[in-house]
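4 protein chains.
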Amino acid sequence: MTPSPAPATPNEALTLFERTRSRTDALAAPLTPEDMMLQSMEDASPAKWHLAHTTWFFEEFILKPRLPGYQSPDDRFAFLFNSYYTQAGPRHARDKRGLVSRPGGQAVRDYRAHIEDSLARLLSAARDDADDIAGLVELGCHHEMQHQELLVTDLLHGLSFNPLLPTYKDPEPLAVTEEVPLSFTRHAGGLAEIGHSGSGFAYDCESPRHQTFLHPFEIADRPVTNRDWIAFIQDGGYDDPRHWFMEGHAVAQRDGWEHPLYWWKQDDEWWTYTLRGPQPVALDAPVVHVSYYEADAYARWAGARLPTEAEHEIAFKDTPIGGNLMGDAKNTGALRPLPGPGVWGDVWEWTASDFAPYPGFRPPEGALGEYNGKFMVNQRVLRGGSCATPREQMRATYRTFFYPHQRWQMLGLRLARDVT
Amino acid sequence: MTPSPAPATPNEALTLFERTRSRTDALAAPLTPEDMMLQSMEDASPAKWHLAHTTWFFEEFILKPRLPGYQSPDDRFAFLFNSYYTQAGPRHARDKRGLVSRPGGQAVRDYRAHIEDSLARLLSAARDDADDIAGLVELGCHHEMQHQELLVTDLLHGLSFNPLLPTYKDPEPLAVTEEVPLSFTRHAGGLAEIGHSGSGFAYDCESPRHQTFLHPFEIADRPVTNRDWIAFIQDGGYDDPRHWFMEGHAVAQRDGWEHPLYWWKQDDEWWTYTLRGPQPVALDAPVVHVSYYEADAYARWAGARLPTEAEHEIAFKDTPIGGNLMGDAKNTGALRPLPGPGVWGDVWEWTASDFAPYPGFRPPEGALGEYNGKFMVNQRVLRGGSCATPREQMRATYRTFFYPHQRWQMLGLRLARDVT
Amino acid sequence: MTPSPAPATPNEALTLFERTRSRTDALAAPLTPEDMMLQSMEDASPAKWHLAHTTWFFEEFILKPRLPGYQSPDDRFAFLFNSYYTQAGPRHARDKRGLVSRPGGQAVRDYRAHIEDSLARLLSAARDDADDIAGLVELGCHHEMQHQELLVTDLLHGLSFNPLLPTYKDPEPLAVTEEVPLSFTRHAGGLAEIGHSGSGFAYDCESPRHQTFLHPFEIADRPVTNRDWIAFIQDGGYDDPRHWFMEGHAVAQRDGWEHPLYWWKQDDEWWTYTLRGPQPVALDAPVVHVSYYEADAYARWAGARLPTEAEHEIAFKDTPIGGNLMGDAKNTGALRPLPGPGVWGDVWEWTASDFAPYPGFRPPEGALGEYNGKFMVNQRVLRGGSCATPREQMRATYRTFFYPHQRWQMLGLRLARDVT
Amino acid sequence: MTPSPAPATPNEALTLFERTRSRTDALAAPLTPEDMMLQSMEDASPAKWHLAHTTWFFEEFILKPRLPGYQSPDDRFAFLFNSYYTQAGPRHARDKRGLVSRPGGQAVRDYRAHIEDSLARLLSAARDDADDIAGLVELGCHHEMQHQELLVTDLLHGLSFNPLLPTYKDPEPLAVTEEVPLSFTRHAGGLAEIGHSGSGFAYDCESPRHQTFLHPFEIADRPVTNRDWIAFIQDGGYDDPRHWFMEGHAVAQRDGWEHPLYWWKQDDEWWTYTLRGPQPVALDAPVVHVSYYEADAYARWAGARLPTEAEHEIAFKDTPIGGNLMGDAKNTGALRPLPGPGVWGDVWEWTASDFAPYPGFRPPEGALGEYNGKFMVNQRVLRGGSCATPREQMRATYRTFFYPHQRWQMLGLRLARDVT
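Residue numbers (the UniProt record's numbering), protein chains in the order written: chain A, 1 to 420; chain B, 1 to 420; chain C, 1 to 420; chain D, 1 to 420.
No wet-lab data here; the hints were simulated from the structure.
Here the structure is a predicted model, which is why all the values come from computation and not from measurement.
Treat the hints with caution; some may be incorrect.
Said to hold, decoys possible - Restraint ranges, calculated between C-beta atoms of paired labels, are given here:
#1 C/A250 / B/L182: 22 to 30 Å
#2 A/Q146 / D/S22: 27 to 35 Å
#3 A/A113 / D/G236: 40 to 48 Å
#4 D/D255 / C/Q87: 47 to 55 Å
#5 B/R66 / D/D255: 55 to 63 Å
#6 B/Q146 / A/A113: 38 to 46 Å
#7 A/P216 / B/D255: 55 to 63 Å
#8 D/M41 / B/Q146: 26 to 34 Å
#9 B/H210 / C/I230: 32 to 40 Å
#10 C/I230 / B/D74: 57 to 65 Å
To be verified - Cross-link-like lysine-lysine pairs, in silico, DSSO-like; alpha carbons within 30 Å at most:
#11 C/K169 / C/K265
#12 B/K265 / B/K317
#13 C/K265 / D/K265
#14 A/K96 / A/K64
#15 D/K169 / D/K265
#16 C/K96 / D/K169
#17 C/K96 / D/K64
#18 B/K64 / A/K64
#19 A/K169 / B/K96
#20 A/K64 / A/K169
#21 D/K96 / D/K169
#22 B/K64 / B/K169
#23 B/K317 / A/K96
#24 C/K169 / C/K64
#25 D/K169 / C/K169
#26 B/K64 / A/K96
#27 D/K265 / C/K96
#28 B/K169 / B/K96
#29 A/K169 / A/K96
#30 D/K96 / D/K64
#31 C/K64 / C/K96
#32 A/K265 / B/K96
Just so you know, even glycine gets a beta-carbon here, dropped at the ideal spot from N, CA and C.
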């Protein structure tokens with residue numbers, strides 16, 4: 001992985017800013033004003049909110065404290081579009097975001113333009129704190145990239161409740177993916193270093209880089225595929241509590257899980273709902289939209305286990321990101337070109353690790369210290385990246401995290417095994 | 001009350017149809033596409049859904065069975081826009097109506113236009129069943145008028161979750177309302193007839209007209225006002241369980257009720273959220289947005305009781321509808337001109353009667369028999385009408401009904417007393 | 001119906017008191033200390049609580065205000081054993097009654113003995129208020145009889161969660177019941193009087209006796225039987241929404257109702273759990289443990305309706321209470337001898353009437369005014385009486401009431417029809 | 001810590017068995033039959049169930065497969081008293097254990113006696129599998145010891161809902177505990193071994209012993225005390241979201257947490273409910289009944305963090321267990337003598353580690369493999385032991401685990417810090 005180097009100059013920050021903002025606009029372009037209102041559960045947010053919240057982030061953390069005489073187009077947006085930063089003041093109820101019909105789509109686009117103009121002005125001024133600002137802009141851009149992925153997955157979830165199963169983008173022909181036999185690569189273990197090395201952008205939770213001790217392990221050369229998963233289903237995997245955490249099986253039974261989210265069976269064939277509309281399940285693409293509970297049960301059924309995040313990082317730290325399996329099946333088109341050859345980057349991969357601070361971790365002072373630290377309980381780390389993940393967000397040290405029951409993100413898995 | 005006579009000819013039905021449809025369009029005119037998506041609870045529906053559902057009603061019950069060669073613009077609308085008619089086929093989940101971003105607002109308007117054209121064609125053809133069709137069109141128009149009121153109240157509820165407290169229509173100056181002393185009119189009771197007399201439109205549940213026996217009673221000459229209600233609040237009425245049904249007080253405490261829905265106190269003055277935005281509570285307008293539980297507790301606190309629906313009907317059967325109190329405070333403008341002098345029609349008035357079939361009631365055969373009959377449990381009858389009620393819906397025999405805990409409709413009360 | 005005359009003297013009150021208290025003791029005799037702890041839902045209470053609460057009633061409303069120098073064995077019992085009388089002070093959470101392991105069974109029996117001694121002393125003293133006291137004792141006895149029935153039905157519910165399906169009393173051979181053809185008796189309607197006539201005990205809600213107007217009707221000569229109900233099941237009655245209130249069918253589907261409470265099918269035969277343990281469903285006994293929703297759906301399926309409470313009272317006011325059908329199937333033995341010939345009194349019968357005050361109803365002042373009045377919303381009246389109802393509680397004017405979804409009481413139905 | 005050596009002979013297993021069973025009986029001795037029924041939440045079980053379940057464990061895993069001709073006193077007990085072992089067959093609903101009034105207390109004691117006799121017979125027979133049986137008996141005894149602690153904590157929870165705040169055992173005078181200044185011990189970190197070393201009893205999840213890498217750290221010499229915790233309360237610690245995980249603060253606010261479980265304030269002094277009845281909070285005893293969320297928030301407020309389980313094990317592996325602080329405040333008397341001098345063992349201490357398998361962990365085959373493995377998600381490890389923990393259960397490698405929101409166990413904390 002070669003992370004993009006840190007912006008050395010405000011100019012470079014501006015370039016990243018413009019590229020990131022355009023990408024968000026491109027993602028939202030096919031959406032109607034009504035599509036942009038959809039909020040199908042508390043975990044998901046309307047597209048319009050994502051557009052506004054990413055904008056508020058620049059306003060709150062850069063423009064308000066740094067641009068003299070800055071005026072917000074509406075002071076109340078700080079209340080509406082703050083997500084969870086308690087130190088940035090009170091905020092709107094998360095589960096009511098879908099009820100904010102006003103400001104409308106155009107007003108939010110005007111808000112975006114206003115902030116973009118102001119930030120361009122700020123970045124082009126000669127200032128003593130120009131490097132600080134460039135760093136904050138870079139953080140804001142990566143923040144916005146995270147929301148680009150959320151925008152896409154939240155939209156998929158929202159549209160999935162529409163019985164008409166609408167299409168976000170016109171379907172393109174599916175690339176052929178072929179069955180790849182399952183093979184494992186052995187690692188010797190021992191003392192190793194993980195975490196961000198210091199060059200290029202990374203979030204606070206990827207640091208400090210630190211030593212850890214690994215036991216010998218093997219890790220699969222490809223993620224688990226839909227073909228694999230169907231074998232698990234056919235073998236009664238969802239029904240047999242021996243494979244499952246007790247808590248996981250209780251959730252699966254309560255919610256009637258018998259396959260990944262968005263799947264259904266039709267004329268004896270598995271189908272799935274995607275942003276391209278209903279599609280037959282592509283057998284050799286990575287399985288996606290499975291919870292941690294399901295992923296762990298699958299691994300146990302397969303006589304394996306999930307890798308730890310350290311194992312995953314060590315295994316892939318020198319592998320160029322790829323994504324040659326799922327790209328065609330789910331690619332939204334707006335996000336990144338068809339991936340080149342490679343072995344990871346098609347799907348987020350659940351690891352066996354809970355999301356915890358690295359030894360010596362200290363969140364930054366102030367509201368930005370709330371970025372990751374306050375989520376470090378009950379969530380599991382995923383590594384990799386999906387077709388909805390901007391290429392600049394993909395690196396071997398990146399830690400994303402979700403709750404074990406969540407499925408609406410592009411979540412899959414890869415097997416690992418002890419070497420004994 | 002003089003109900004409009006039944007349409008004698010298809011032409012008259014067409015006139016009613018056009019007037020009703022235009023009114024719905026006028027109500028929706030100030031709404032953005034996003035406003036039309038709002039669904040804030042299962043009881044409420046998006047404005048877009050109301051526009052489509054009232055259209056589907058004409059399509060399903062008139063065009064499909066009667067117009068040869070009729071083609072729906074989209075067969076799937078029957079699933080999306082059926083509300084609860086089990087005999088008209090399966091239907092979309094009621095609590096997910098707010099997630100139907102597509103068809104969008106324009107597509108729904110096109111659907112409306114398509115049905116309007118088809119119906120005009122049907123009504124202008126010479127047919128043996130022309131009278132039947134005219135009757136069904138009349139029912140469809142009254143059905144749409146009910147949804148006009150729901151559209152307005154559902155919208156108010158949906159907008160109320162927006163911290164910006166937006167305005168549906170620009171505020172107009174409030175008409176002055178003056179304190180009206182509380183007086184009662186005595187009725188001797190005895191055998192009396194209630195129910196629809198047979199001339200003019202009425203719903204099935206208003207029939208059969210039948211005898212009932214009334215004990216002597218008194219009924220107030222005006223509804224309970226906000227001024228009255230504030231006295232109840234100040235006297236600790238919400239806290240004292242002696243005034244309340246046990247179940248009602250449990251709901252009030254669970255949900256933290258301390259005043260009518262949409263009220264708050266600001267600088268020692270009561271304010272309320274309306275479709276004109278935030279407004280000071282007009283002291284001499286009828287109290288509105290109170291549940292049956294609250295209404296009954298108020299009546300008991302006031303040493304009175306709620307009237308039965310028979311008492312209400314007998315008391316007002318010869319009184320021209322009015323509404324001279326609340327019109328200015330809440331009038332949406334789109335619905336009806338400022339009411340003339342009169343003593344009822346400003347607010348729906350809870351009665352002590354549960355919604356039950358009249359003796360000998362028989363719902364019509366087929367899906368239209370589901371119109372009212374399947375709701376005849378646990379709901380209470382209200383009489384009267386509000387500023388959101390089309391004038392043609394207001395008559396002394398009209399029975400609307402809601403659950404005792406519901407508050408989002410324009411619900412108030414009037415006192416009655418035994419004569420002993 | 002011949003109500004027992006009002007106790008003319010304190011001596012007679014004492015006789016009733018002793019008879020009633022002994023009956024409660026006899027009902028509790030087969031129970032272990034553990035059985036007496038069972039609380040399976042908020043609606044139901046432990047047997048121990050019933051024993052203590054009925055005792056508290058005499059203490060709170062008679063001994064404390066009337067017996068000079070009276071000392072409660074434990075002042076905290078007033079908190080533990082008050083049910084819902086807000087004017088009698090704060091009380092323990094209803095859903096936590098099953099967690100009161102102490103006072104234990106013996107302590108509650110001691111409490112009973114203490115109150116019985118004190119009351120005997122009070123009743124045998126020469127006092128100016130002796131008649132008042134006798135009246136209150138009579139009320140307390142009828143109150144205790146209501147709790148006798150609840151004790152039995154709550155116990156059945158509590159034991160039903162035990163997979164061992166234990167037996168409260170040893171099974172006795174079932175009396176043979178034979179199929180009785182369904183016939184109806186016609187009533188002419190017109191002005192009629194209902195309500196308590198003034199002789200003998202009655203609750204406040206049975207008064208005032210008043211005129212009401214009835215339309216001609218027919219009422220069945222026997223309740224609906226299990227044989228009838230099985231035909232409804234076999235005809236798909238539980239699945240067809242056309243028979244049901246919308247709300248009722250939603251509850252039935254949510255809770256998976258496909259037969260009365262406590263039933264199951266075994267080797268193609270219907271069985272039911274009773275206080276005698278598992279028993280085959282007796283085909284010609286009245287169906288029992290059905291909700292109002294089910295009862296109403298059955299009636300509609302059968303082309304009939306439920307009677308109103310006025311119709312029921314008029315129909316049975318001169319019929320001796322009976323109960324010749326279900327007695328053997330469910331009789332607990334402790335409560336009353338096998339019923340003689342007659343046509344009602346085997347099962348509580350749902351009526352179409354909501355529980356509402358009679359015209360001119362006024363609850364008594366003070367805490368005893370909470371006895372019935374605060375429940376007059378959302379509940380339906382039942383008439384009749386069951387094998388668990390003490391004979392002294394059965395009279396044509398008696399109104400018991402439950403919520404439409406409740407099934408754990410001994411609730412059945414009888415058909416009625418309009419005469420047209 | 002010196003773990004008791006593995007029973008070398010069936011005789012030794014029998015000795016352990018008899019000692020363990022007697023201890024359980026002694027714990028239950030002060031309980032009434034009603035006390036033994038209490039189930040106050042799904043997480044907690046009635047004492048009677050604990051007595052029966054620990055008995056079933058020996059029956060199911062030893063007697064049934066090993067003792068020829070063994071007959072259970074009631075085959076249905078296997079259904080009633082299996083907790084969660086899916087491979088041992090179906091089982092009763094966990095949240096309905098409090099509704100099993102029969103078998104009663106005496107029947108359960110008879111069941112215990114029956115199994116004890118049978119097991120004594122089995123252990124005294126000369127058999128080839130005598131060592132296997134001795135190992136299973138040892139496991140069964142440790143299993144029963146875990147339930148001894150649960151019996152005590154579940155009982156405390158159950159009794160706490162009784163407004164009379166009953167006493168399990170008569171209060172004894174409190175030993176004086178004095179304020180101990182907070183000091184830390186530094187550890188150098190580096191490669192270290194943790195996990196069970198192989199001598200003495202341990203659960204599967206304590207193995208395999210394995211290498212891990214520790215960063216330098218400091219760990220407190222005593223747990224956090226009530227005095228410390230009151231300072232946190234007084235500083236507004238419960239209200240300030242900056243100290244909290246977002247999820248934890250949401251739970252605290254939803255459930256109204258403002259102090260540890262069982263505390264209340266009375267005349268400006270903190271009190272707590274214990275098995276000795278209400279007691280003033282002993283300022284210098286370890287704080288107990290706090291959730292992981294609270295423990296973590298406290299640590300952050302104090303400028304420290306929770307130790308990982310590896311840090312805790314390394315820090316205390318050579319320290320004799322102690323418990324000189326809380327013993328007097330909460331000691332039930334039945335469980336162990338007053339602890340001698342020492343620095344841990346008074347309270348379970350939350351660690352920062354999620355409960356996960358050690359590298360190379362493999363649960364045993366069959367139902368006993370479900371003992372720990374199926375809980376390895378979303379739970380946090382605690383180390384130490386409390387006054388309710390049998391001495392034989394306390395060792396530096398012991399891992400107990402609970403959910404972050406749970407408080408009813410005897411859960412406290414100890415601070416740690418990075419060395420930088």
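Each hint, compared with the structure:
1. C/A250 / B/L182: 22 to 30 Å: violated, 41 Å
2. A/Q146 / D/S22: 27 to 35 Å: Violated - the Cβ-Cβ distance for A/Q146 and D/S22, about 60 Å, lies outside 27 to 35 Å.
3. A/A113 / D/G236: 40 to 48 Å: holds, 42 Å
4. D/D255 / C/Q87: 47 to 55 Å: For C/Q87 against D/D255, whose Cβ atoms are near 31 Å apart, the range 47 to 55 Å is violated.
5. B/R66 / D/D255: 55 to 63 Å: Holds: the Cβ-Cβ distance is about 59 Å, inside 55 to 63 Å.
6. B/Q146 / A/A113: 38 to 46 Å: About 43 Å separates the Cβ atoms of B/Q146 and A/A113, which means 38 to 46 Å holds.
7. A/P216 / B/D255: 55 to 63 Å: holds, 59 Å
8. D/M41 / B/Q146: 26 to 34 Å: violated, 46 Å
9. B/H210 / C/I230: 32 to 40 Å: Given about 36 Å between the Cβ atoms, the range holds.
10. C/I230 / B/D74: 57 to 65 Å: violated, 44 Å
11. C/K169 / C/K265: At roughly 23 Å apart (the allowed maximum being 30 Å), C/K265 and C/K169 satisfy the hint.
12. B/K265 / B/K317: violated, 39 Å
13. C/K265 / D/K265: violated, 55 Å
14. A/K96 / A/K64: holds, 26 Å
15. D/K169 / D/K265: holds, 23 Å
16. C/K96 / D/K169: holds, 23 Å
17. C/K96 / D/K64: violated, 39 Å
18. B/K64 / A/K64: Outside the cut-off at roughly 60 Å; violated.
19. A/K169 / B/K96: OK: A/K169 and B/K96 at ~23 Å, within 30 Å.
20. A/K64 / A/K169: violated, 37 Å
21. D/K96 / D/K169: holds, 27 Å
22. B/K64 / B/K169: Given that 30 Å is the threshold and the Cα spacing comes to 37 Å, the pair is violated.
23. B/K317 / A/K96: violated, 44 Å
24. C/K169 / C/K64: Roughly 37 Å between the alpha carbons, so the hint for C/K169 and C/K64 is violated.
25. D/K169 / C/K169: Violated - the C-alpha atoms of C/K169 and D/K169 are around 36 Å apart, more than 30 Å.
26. B/K64 / A/K96: violated, 39 Å
27. D/K265 / C/K96: Measuring from Cα to Cα gives roughly 23 Å; hence the hint holds.
28. B/K169 / B/K96: holds, 27 Å
29. A/K169 / A/K96: Satisfied, since the Cα-Cα distance of roughly 27 Å is no more than 30 Å.
30. D/K96 / D/K64: holds, 26 Å
31. C/K64 / C/K96: With Cα atoms ~26 Å apart, C/K64 and C/K96 stay inside 30 Å; holds.
32. A/K265 / B/K96: holds, 23 Å
Of the hints listed earlier, those the structure fails to meet are numbers 1, 2, 4, 8, 10, 12, 13, 17, 18, 20, 22, 23, 24, 25 and 26, in rising order.
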